[in-house]
Amino acid sequence: MTQALFGQLFLGLINGAFYALLSLGLAVIFGLLDVVNFAHGAQYMMGAFAAWMGLTYLGVPYGWALLLAPLAVGLVGMAVERTLLRRLQGLDPLYGLLLTFGLTLIAEGLFHHAYGNSGFAYPVPGWLRGGVNLGFMFLPLYRAWAVGLSLAVCLACWFVIERTKLGAYLRAGTENPKLLQAFGVNVPLMFTLTYGFGAALAAFAGVVAAPVYQVTPLMGSSVIMVVFAVVVIGGMGSIGGAIVTGLGVGLLEGLTRFWYPPASSVVVFVVMALVLLVRPAGLFGRER
Amino acid sequence: MPGRLVTWGWLALLAAGLAAPFVVYPVFAMNVLCLALFASAFNLLLGYTGLLSFGHAAFLGASAYATGWALRSWGLPPEVAVLLGTALAAALGLAFGALAIRRSGIYFAMITLGFAQLVYFLVVQLPWTGGEDGLQGIPRGRALGLLPLDDPRTAYWFVYAAFLAGFWLLHRAIHSPFGHVLRAIRENEPRAVSLGYDVARYKLLAFVLSAGVSGLAGGLKAVVLQFASLSDVHWHRSGEVVLMTLLGGMGTVLGPSVGALLVVALENYLADTGSWVTVITGAVFVACVVAFRRGIVGEVRALVRRSFTGGKP
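Chains as they are written, first to last, in my numbering: chain A, 28 to 315; chain B, 13 to 325.
Hints are computed from structural coordinates only; laboratory data are not their basis. Even glycine gets a Cβ: it sits at the ideal position worked out from N, Cα and C. You can trust all of the hints, since none of them are fake.
On the chain B side, residues computed to face chain A include the following (Cβ under 8 Å): (1) R115; (2) I118; (3) Y119; (4) A121; (5) L130; (6) F133; (7) W247; (8) G251; (9) V291.
Modelling step: build the complete structure from the supplied sequences, incorporating the hints.
Dropping the structure here:
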């Protein structure tokens, strides 16, 4: 009984860590570029695939994939920002959502064409195999590592954005890009780098997720829906809110899976409806 | 443009619609009509009210399942079953709309998407929906007790009549004082508020109307194709209706139908190519957003206006 409960809670924590990473990336991109990056799920999927392809075709080990896959996806993201997203600046942000939706279809279709529907397993790297018995539950080492690493990256992002000079530029850019430009900051470059960074963050989550889930072309599209709900629940205002809400939603899903499994995929959206009833701006959001 | 020309144009379209099943495969034509109605209903929100709903598949799909169930298990006549589905979609629209219109813009899109996902998961989980297989073997029945819908042309004209009714309703709504208020909200919401309009109520009414007509389209689709499937509640369907509207021209009366015709034809034509359909649909989407946001009918209209005003805007 307790074994199962803690097992589900821990699984929830892992999911929550990925939700937190992904909604954090969405928040960063939305904050500066005013773009809801629908392609975030596809970028997550591409990260996982990049790791899998690297291992299968080139023998790139997990440790390097953790670095190289986000870099590759980040570069693709920067190219997309330069060539496409830039043309939509100043228009209704809805066009950004639609554009990235179209890109998602292209990416998913291409991977589906190349690899079909069946998933691939990414082996857990040797140095993270095994687990520890904590008495009340069995803790697989890789999963503990996935949660720890994701949270560390989340906190690092939070620190950079809220506490450093670079973060101050970013925050200034979200308030008033024109003014920031007048101070001599290369704002267009900042936009490109931010989008690339957000895409890389999604890809990073994908690499960390690869040994936990199946690597499939559609793995991103199911996650991104929940992440959107997380964003609505948390409100897109704060970085900290994204992290806390992501983890909370993951844990809630875990709890529901323990008590009543069929409801676990629905509970997020029910919570979303309830939060909207009480606080339309989300738990941590400001009206804008 | 001279009014008489417009009237003749409409009459020609009406006749073309009547003659369609003699020219093309009736099931294809009915599919186009259903999705054209769906896109037109969606356009009431996006094109005339400025609300991007990213979860309209929920209304189409929920109604398709309800209609199918009423036909297959309760043995209701098709017109009653379709109306039942329509009513369910409208009720769903009222519930979701009341919550979603509390936020606007991007948030509105994400909230509607979230609710649609809720419906999707419910359809997957509920015991009577057939799960992955969908609801199959729906009988078409006899419309009004005497028209056998198993005859493809009779079925077509049944769908065509329902399409015209729904389309006319939307057309009336758009060109009524109600529609003008919706456009005022789209152009400048604070101004509409300061003029004393209860903006939330107008938005909600538009949402319910749009959801209801989407439900009509979904119910007809279930009757015509004789099944309701998960793809009707999936978010790809919600994206597809955005594409139809954008491609044809949002904020134009005919645009969504033109877009639906093109998208259905494209998918039909490319069906054998497997996942390339998705890739090409995505590419068309990107091209629409980046290069021609007015859509086909929007571009043509702009061209016609320019030629009638002698180049002046």
